[in-house]
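Student: Residue numbers (numbering that gives the first Met the number 0), protein chains in the order written: chain A, 0 to 221; chain B, 0 to 221.
There could be a bad hint or two in this list.
Since the list can't tell identical chains apart, any single copy or any two copies may satisfy a pair.
Unchecked claim - Mimicking DSS-like on lysine-lysine, the simulated pairs with C-alpha atoms at most 25 angstroms apart in a straight line are:
no., residue 1, residue 2
1, 46, 106
2, 25, 122
3, 122, 73
4, 104, 38
The set of hints was computed from the structure by calculation and includes no laboratory data.
Number of protein chains: 2
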Amino acid sequence: MPVKYVLFDIDDTLFPSTDFAQLARKNAIRAMVDMGLEKDPDILYRKLLTIIDREGSNYEGHFDRLCKSLRLKKPARFVAAAVAAYHNTKMSIQPFPGVARSLMKLKESGYMLYVATNGSTIKQWDKLIRLRIAFYFDDVFVSEEMGRAKSKKFFNDVLRRLDAEPGECVMVGDKEAADILPAKELGITTVKVRQGREAREKTSADYRIGHAGEIRSVLERL
Amino acid sequence: MPVKYVLFDIDDTLFPSTDFAQLARKNAIRAMVDMGLEKDPDILYRKLLTIIDREGSNYEGHFDRLCKSLRLKKPARFVAAAVAAYHNTKMSIQPFPGVARSLMKLKESGYMLYVATNGSTIKQWDKLIRLRIAFYFDDVFVSEEMGRAKSKKFFNDVLRRLDAEPGECVMVGDKEAADILPAKELGITTVKVRQGREAREKTSADYRIGHAGEIRSVLERL
């Protein structure tokens, strides 16, 4: 069955989100110190990571919490400096090299392209817009809007929405549990992107690539 | 009594906030249309202003509300596009010409400089940081932190915090009710900045200038 539909994860698949998050957090810490916070930046950074681990990365009050844990009398200037530096960095996200050109080539070849991602609908759209690749996709499926995280059921819902057979689909992503296993179980061809936390872990994916900019090398072989 | 303390409002005093807010909102509307929203930009802009009037300018969900009022089925992409364009514009705020140089000259001359502003503490600090003028100020008084909006009581609290006599202070701002009247009643010298909604209205201020970059012309006459 010829492949017609290609589904992409966003974070660490279309752009280096782990690298950008790390840089954004370090820039935020530097900005707090620059604003006059007399603490060691490395200690602050480790404190921040502890808070993020505990509260989840989508929690909005990381820097508030960090300032509270330091018992600062006048935290607003430090929170404001951190958030400004954090957002400045996150606003400069770039796709992996070749991603935009590859997506265009796939569209030219007649593929239908989709995003399948976990997260907040508006935040994931914000990334596509800032990466300037939103228009390559025929539709975007975000867990929040779909009512469930990526899973067999999620991908089944996507197949139904596309009116597609699993054999016509390819899923590209970096996370074994979210991107590879559930799609593979349904019979979707899976492509593991070697990025982020699981870059070096074993995978049951059918193919492996460095990032989404290399996807054509796989599709040419199908 | 020689003037020692100069207090500045932020919005439409240190930078053209009305102009930037208007541009940011228009850019947001353009980004929604660019994202595929098939509506007239002028009508969308007027709808947005109605929402802002009703909810207040510090309300966080203007674009959500706008999309709801249009009964869009998939609003996330439009909200994300609007918020991204809005923030991109607001991040590029610049002081009025000569403001940074004037503040530096005043510091050199031995004045103590302060901010006295209504609003959210973090948002007002964010502006000072983005304008790159935070370090000129010896302290920053924001209504949220002070527990009350600018008023006679607010300025009295500021005087107490500075351990200052009214005759040693100058207040620079654009709003008659918030900046000029209460300060003047206390005996603080008042300087009206001709910007924003009240640019052309009558004032009881002791002096008038175009924007804060012109403050030295007043101080030289005191």
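Student: Each hint needs a verdict: does it hold in this structure or not?
Tutor: Each hint tested on the structure:
1. Taking identical chains as interchangeable, the C-alpha atoms of residue 46 and residue 106 are never at most 25 angstroms apart, the minima being 45 angstroms within one chain and 36 angstroms between chains.
2. For the identical chains of this complex, residue 25 and residue 122 are neighbours both inside a copy (21 angstroms) and across copies (21 angstroms), given an alpha-carbon limit of 25 angstroms.
3. Within a single copy, residue 122 and residue 73 get their C-alpha atoms only as close as 30 angstroms, which misses the 25 angstroms cut-off; across copies the closest is 14 angstroms, which meets it.
4. In this assembly of identical chains, residue 104 and residue 38 lie within 25 angstroms of each other by CA distance neither inside one copy nor across copies; the values are 50 angstroms within and 31 angstroms between.
Going down the numbered hints, you'll see the structure goes against 1 and 4, while the others check out.
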